[in-house]
Amino acid sequence: MSLVKKNVESLMLNVEWRASFNIKNSTLKISILLFSILGFSPLTIAQVDSSLFVRIPKDTTKPMLNMDAVYNRPFLTVGKTPVAVGGYLEANWQYLMTDGVTEGHQFQVRRMTLFVSSAISRRIKFLSEIEFEEGGKEISLEFASLDVEFYPLINFRGGIIMNPIGAFNQNHDGPKWEFVDRPISATQMLPATWSNSGFGIYGKNYKGNWMIGYEAYLSGSFDNSIIDNEENKTFLPAAKSNPERFEEINSGLPLVTGKMAIRNRKIGELGLSYMGGVYNKFQEDGLQLDKKRRVDVLAADFNTTVPKLNTTVIAEWAWVFVDVPSTYTQQFGNQQHGGFIDVIQPVLTRTIFGWKNATLNLACRFEYTDWNVGHFNETGGNISEDVWSIVPAISFRPTPQTVFRFNYRYLSQQDILGNPPSLTGGFQVGFATYF
Amino acid sequence: MKLNTFLFLVFSTLVILISCKKLLPDAAPESELLDGPIDGLTTDETARFLKGDIAFKEVFTSSKGLGSTFVASSCISCHAGDGKGHPSTTLTRFGQPDEFGNLFLDQGGPQLQHRALPGFAPEQIPAGATFSKFTPPANTGLGFLDYVTDATIMAMADPNDQDGDGISGVPNWIAVPDYVTLRPNAISQNGKHISRFGKKAAAYDLLHQTVNAYNQDMGITSTFNPIDVYTHQEIDPEVSNQSVQDLVFYLRTLKAPIPRNQDDPEVLQGKAIFNQLNCAGCHKPTLTTGYSPISALSNKEFHPFTDLLLHDMGAGLNDGYTEGSAKTAEWRTPPLWGLGLSALSQGGSFFLMHDGRAHSIEEAILLHGGEAATSRGLYQNLNESNRSSLIAYLMSL
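Protein chains in written order, with the numbering used here: chain A, 222 to 656; chain B, 80 to 476.
Calculated from the structure, these hints are not laboratory results. Mixed in with the good hints there might be a few duds.
Here are the simulated DSS-like cross-link-like pairs (lysine-lysine), alpha carbons at most 30 Å apart as the crow flies [as the list claims (entries may be wrong)]:
| # | chain 1 | residue 1 | chain 2 | residue 2 |
| --- | --- | --- | --- | --- |
| 1 | B | 101 | B | 271 |
| 2 | A | 358 | B | 143 |
| 3 | B | 278 | A | 513 |
| 4 | A | 358 | B | 130 |
| 5 | A | 358 | A | 487 |
| 6 | B | 271 | A | 454 |
| 7 | B | 136 | A | 358 |
| 8 | B | 130 | A | 502 |
| 9 | B | 143 | A | 502 |
| 10 | B | 334 | A | 461 |
| 11 | B | 130 | A | 461 |
| 12 | A | 461 | A | 428 |
| 13 | A | 512 | B | 143 |
| 14 | A | 454 | B | 212 |
| 15 | B | 143 | B | 101 |
To spell it out: a stretch of chain B is covered by chain A in this simulated footprint if at least three of its residues, at any positions, have a beta carbon under 8 Å from a beta carbon of chain A; those stretches are [what the hints assert, rightly or not]:
| # | stretch |
| --- | --- |
| 16 | 289 to 301 |
| 17 | 385 to 398 |
| 18 | 441 to 449 |
| 19 | 467 to 476 |
Which residues of chain A face chain B? A partial, calculated answer using Cβ under 10 Å [stated by the list, open to error]:
| # | residue |
| --- | --- |
| 20 | 310 |
| 21 | 313 |
| 22 | 314 |
| 23 | 317 |
| 24 | 323 |
| 25 | 327 |
| 26 | 548 |
| 27 | 553 |
| 28 | 556 |
| 29 | 587 |
| 30 | 602 |
| 31 | 640 |
Even for Gly, the Cβ is constructed at its ideal location relative to N, Cα and C.
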């Protein structure tokens, strides 16, 4: 047990990685990449003798914050090697209809993610995360960072870091959620799995029922595409498709990201985060092209589990402020806000189909995003362009690492003028599992 | 898990799946939608319509050629659901104070690009230039209007008001650009031809209209018009000929609005009043297309409520700006089909007349002057019930 625990501490590494590749021949390159990872790893041995596998369970011995999510994953290692691997897969079927029009039945592999971690030496760790989205259409190096612990309250992290804005960006693994789709506000308003080259410090401390943590980073930033994109709205995730962003900051000025989180065992966790910086290329070759234009994001997140009822509530709300030139089109708003609240109620926990402590949950997500907060210059009328959605769900967890999900989604989306909304409804059945 | 629990879950799932149909949102009634194709397209025409739909929704960015100055970044920004536009997407034209030409072409005329990419300055209306604001029109049924023959339009013209009804429609004669193919049996006058699209009827056909919109609204050059609106210099095309032609095909094959509540007694009463007030003197209820290579548009009778001619609308609607041979007080009769659906694309409000200044149909009627002054006067003399019936009829179109 102590060996396992030691491995947990050494191998639940707080390093992830992410970088986007634009790979045309994705199938070939995925194969090469997988062979590279697996061929040179101790897994090759394990394929010969599976008894060499050691499953490292999630560390439940310490109180956790969302910032610990990168640690809080199951890994596999071989013997006493310092390298561990893990990952998760999300797949689903869906049938959605929008205003009477459907694309029919769709089978989707949303993403497969691989984690590779290693304990380089005492208090120096490395963890990486590669994500294959939509069957390999998009491959991203989401996290690749080195962690050095100087003191529990002072840790260095550098490499490709995940900007800790909101909770979902930190804690986004599919098997942790009861819903097939990720929250709109946390993936399309805030960029999901938003990571950049950068470095910073983090730390946490706890006393009694209380725990406090912080993170602060300087990193790569957004670019002009957040207000110059084919979404036809201010869209922070557009910056994710810039292949240069891990090498070059568009504005030449770093993005500042910081988060404070406080948790009480009996009450829950509250996180407040900020991310901001200059996004536009305001100068080139020493020549002024534009004024400096900022993007600033604030987010608040909360999660708790109600005692006795065992009801889990997860909520997040964020505000985006972008300096959009007044002479630019009003399609691109200078303010956005939105969030979600998930309520999950376990209704049955018992042995089901031979799985001990299997759980059946009822859950519901409510979400809302206003893409363009403001009023038209010409009429003074409200700029609409918002979306709300309700997603009732049933989930079945044979083990904590695997979830089967049955969702119904009802979504209402209004255009910028506030015309009658486009309505989407439909069913999604899928699973997500760590492996 | 006990067998009965398992069966309960299976049964519940089946019930949910069977009730799925009710949980999937239906389309709005066809009569409330403007963005479908005309009936009778062949499968290859339908495929082309869909390609044009994609071109219509394409959002231009700076890397795709948007601007550097522009009005909007996509067609759909101004024509939500292919319906009428909103004051936020209203465009401004300036610089032509009479029928003899634009005096400000070298200063950015005729259209103001009042938006600009970050770091660029938008255009300003030059000092001394008169201007007019144009709210984007609906796109529906444009193919039917495109295939009306010149002879049909000329037959409705009455420049000298020979019938003495106070209405004297005239066509707008323009010099067509080289890339335009003249219609069969096109009528010309001093080397100019009858144009029909736009508030002043200054666009000859849908290709002319589309190329202008790419260029003047979005700052997108094409082989048809390679002049960049910002630099005023010829540059490489930023949209392919295929996309332009697909978009033209899309506009040509958008269905006409479907009238509603046609058997409602109040609507029928309103229809009689419409004719009694001689609204139909300009807003011709029925036209017929000539030959079209798209058989669904060929030799078809349709109901646009326009004569595609220019009419003097009086001093109240004279902005001091014009296009082609139109005088400043002259405006092309706007089609009334789809009028009742305007609010569905204008954010729930009405923004009628050429610049959206009328916030209701009644307000729009009362703004009619010039050749329509007699009809307006008759409307003002109607009792409340008859006014209401007329509005109900117009809302049903």
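* **30 Å Cα cutoff - pair residue 512 of chain A, residue 143 of chain B** => holds (23 Å)
* To do: With chain B as the partner, please determine if residue 640 of chain A meets the hint condition of a C-beta pair closer than 10 Å.
  => Interface hint status for residue 640 of chain A: holds (6 Å vs cutoff 10 Å).
* Status of the residue 587 of chain A interface restraint (C-beta, 10 Å, chain B) -> For residue 587 of chain A, the interface hint is violated, since the closest Cβ of chain B sits about 17 Å away, which is over 10 Å.
* Asked: Quick check: the stretch 385 to 398 of chain B, covered by chain A? Criterion 3+ residues, Cβ under 8 Å.
  -> violated (count 0)
* Is the interface hint for residue 553 of chain A satisfied, with its Cβ closer than 10 Å to some Cβ of chain B? -> holds (9 Å)
* To do: Would you mind confirming whether the straight-line C-alpha gap from residue 358 of chain A to residue 487 of chain A stays at or under 30 Å?
  => Since the Cα atoms of residue 358 of chain A and residue 487 of chain A sit roughly 43 Å apart, the hinted pair is violated (cutoff 30 Å).
* **Given hint residue 428 of chain A paired with residue 461 of chain A - CA-CA distance at most 30 Å** => Given pair residue 461 of chain A, residue 428 of chain A is violated - Cα atoms ~39 Å apart, limit 30 Å.
* Hey, residue 143 of chain B versus residue 502 of chain A, does the alpha-carbon distance stay inside 30 Å? -> Given pair residue 143 of chain B, residue 502 of chain A holds - Cα atoms ~18 Å apart, limit 30 Å.
* Between residue 454 of chain A and residue 212 of chain B, does the CA-CA distance stay at or below 30 Å? -> holds (25 Å)
* **Pairwise hint evaluation, residue 502 of chain A against residue 130 of chain B, where the allowed Cα distance is 30 Å at most** => violated (35 Å)
* Are residue 548 of chain A and chain B close enough, Cβ to Cβ, to be under 10 Å, as the hint says? -> holds (5 Å)
* For the pair supplied as a hint, residue 358 of chain A and residue 143 of chain B, is the alpha-carbon distance within the 30 Å limit? -> Holds, at about 23 Å.
When held up to the earlier numbered hints, the structure conflicts with 1, 3, 5, 6, 8, 10, 12, 15, 16, 17, 18, 19, 20, 21, 22, 25, 28 and 29 and fits the remainder.
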